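First to last, the sequence lines map onto chains S and C.
Per full-length UniProt numbering, numbering of the first sequence is gapless, rising by one per residue and ending at 312.
Per full-length UniProt numbering, numbering of the second sequence is gapless, rising by one per residue and ending at 105.
Among the hints, erroneous ones may be present.
Cβ pair distances, simulated, as ranges [stated by the list, open to error]: (1) Leu58/S to Pro13/C: 34 to 44 Å; (2) Arg85/C to Val39/S: 28 to 38 Å; (3) Gln41/C to Asp202/S: 41 to 51 Å.
No wet-lab data here; the hints were simulated from the structure.
Treat the numbers as computed from the prediction; the structure is a model and nothing was measured.
Glycine included, every Cβ here is placed at the ideal spot set by N, Cα and C.
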Amino acid sequence: MSDIAHPNAASPALAGDASWYEASARQRVNALLDDGSFVEFVGPQARETSPHLALFDLPEQFDDGMVVGAGKLDGNTVLIAAQEGKFMGGAFGEVHGAKLTGLLRAAAVRRTPVLILFETGGVRLQEANAGELAIAEIMRALLDARMAGVPVIGLIGGRAGCYGGGSLIAGCCSGLAISEQGRLSVSGPEVIETNRGAGEFDASDRPLIWRTMGGRHRYLLGAVDAYADDTVPAFRAAALRLIAQAPELDFAHLARTHARLAARLRELGNCADARDAWQVLGVDPRVDIPDIPHDAFVELAGALKEARHVAE
Amino acid sequence: MEHLNFRHAGQRPATAARDNAIVGVVASGNLEVLVERVLPQDECEVDVRTPVTGFDAVWQAVVADFAARGAAGGLRFSINDGGARPDMVSLRLAQALRAMAGDQP
Numbered sequence: 001m002s003d004i005a006h007p008n009a010a011s012p013a014l015a016g017d018a019s020w021y022e023a024s025a026r027q028r029v030n031a032l033l034d035d036g037s038f039v040e041f042v043g044p045q046a047r048e049t050s051p052h053l054a055l056f057d058l059p060e061q062f063d064d065g066m067v068v069g070a071g072k073l074d075g076n077t078v079l080i081a082a083q084e085g086k087f088m089g090g091a092f093g094e095v096h097g098a099k100l101t102g103l104l105r106a107a108a109v110r111r112t113p114v115l116i117l118f119e120t121g122g123v124r125l126q127e128a129n130a131g132e133l134a135i136a137e138i139m140r141a142l143l144d145a146r147m148a149g150v151p152v153i154g155l156i157g158g159r160a161g162c163y164g165g166g167s168l169i170a171g172c173c174s175g176l177a178i179s180e181q182g183r184l185s186v187s188g189p190e191v192i193e194t195n196r197g198a199g200e201f202d203a204s205d206r207p208l209i210w211r212t213m214g215g216r217h218r219y220l221l222g223a224v225d226a227y228a229d230d231t232v233p234a235f236r237a238a239a240l241r242l243i244a245q246a247p248e249l250d251f252a253h254l255a256r257t258h259a260r261l262a263a264r265l266r267e268l269g270n271c272a273d274a275r276d277a278w279q280v281l282g283v284d285p286r287v288d289i290p291d292i293p294h295d296a297f298v299e300l301a302g303a304l305k306e307a308r309h310v311a312e
Numbered sequence: 001m002e003h004l005n006f007r008h009a010g011q012r013p014a015t016a017a018r019d020n021a022i023v024g025v026v027a028s029g030n031l032e033v034l035v036e037r038v039l040p041q042d043e044c045e046v047d048v049r050t051p052v053t054g055f056d057a058v059w060q061a062v063v064a065d066f067a068a069r070g071a072a073g074g075l076r077f078s079i080n081d082g083g084a085r086p087d088m089v090s091l092r093l094a095q096a097l098r099a100m101a102g103d104q105p
């Protein structure tokens, strides 16, 4: 049997305004792309499972938690990868990672834009170095694709967030979109607490987690390029915009990025809490960023970015 | 890990609008079912991999109940189990059958 399954594997269809956060990887892919256009590569029937999990008596998943394939977005072909956050927290293993590496290598050859639907806690500890190598291979393949002129766009909004090696890969993308529910951080809350104590970061403090790693804060910081409501249409619109706006990976872009990061560190480096950072960025201290409605946040963030753009 | 296999004959051919379908997820209390149209039209097979041992009789009963509905001919159901309860297994098998019929995009 061919390793390309068509029509694609079934998942319950999402309603137009259904939650991205609550959806499965397959639901997100099918709903995001033009109807019926998704063709899966190395699908579940190929049974490309992890060779490492049996050692730990752990169950495998037929797609190893990574859905990859091709489809159309507004009629244009894209390659797409989506992590299933409910299988091993969406963490990267050898096969999981290899599917994304392969997709990115294909993108460089075919000059086709890539969407990565992140949802990952990082690397599977059971796969250890094999998982770390997978991260490195993906980063190299991603940067090779970008050097070939391919936009690689990341979408972050799942319950597992985008952590560890996944966040490093996200950092290599041409553009990122995030929802309020999404989280993005190299170190997760539990890791920080384990290493530096609860005084540094209390992993049970959910408001702290979201105001530090959550989508709204990341967007205000400029760590992501677009902010989306927790719906498929919102992420789709963001994906289309980011593909169209994807910067070329050249020295001028790197220089601008370095300058922007240096400025951020200079302006915000002494802030002990996100709430302090928001004030430095120009947010009225009477405004409660986490609690204002979506539209109000979008308007506020837009005004702040406009003000800063004028100032530059 | 336990590997269980059940084969049932005397099935009516399943309504199959596609060659394969996948439902569910391998997570705590859940399972995935990959269904493929690869068998003779009067047979169905359920192949199970589960980390929870000692429930052979329960699996046999759940699968027998599913097969007793008699409309899964031609299909192999391959299961990776994350420790699902019997009722979740039944629901996923039924869902997989509907997915093959094209009831879900």
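*Would you list, in rising numerical order, the hints stated earlier that this structure does not obey?*
Hint 3 contradicted; others consistent.
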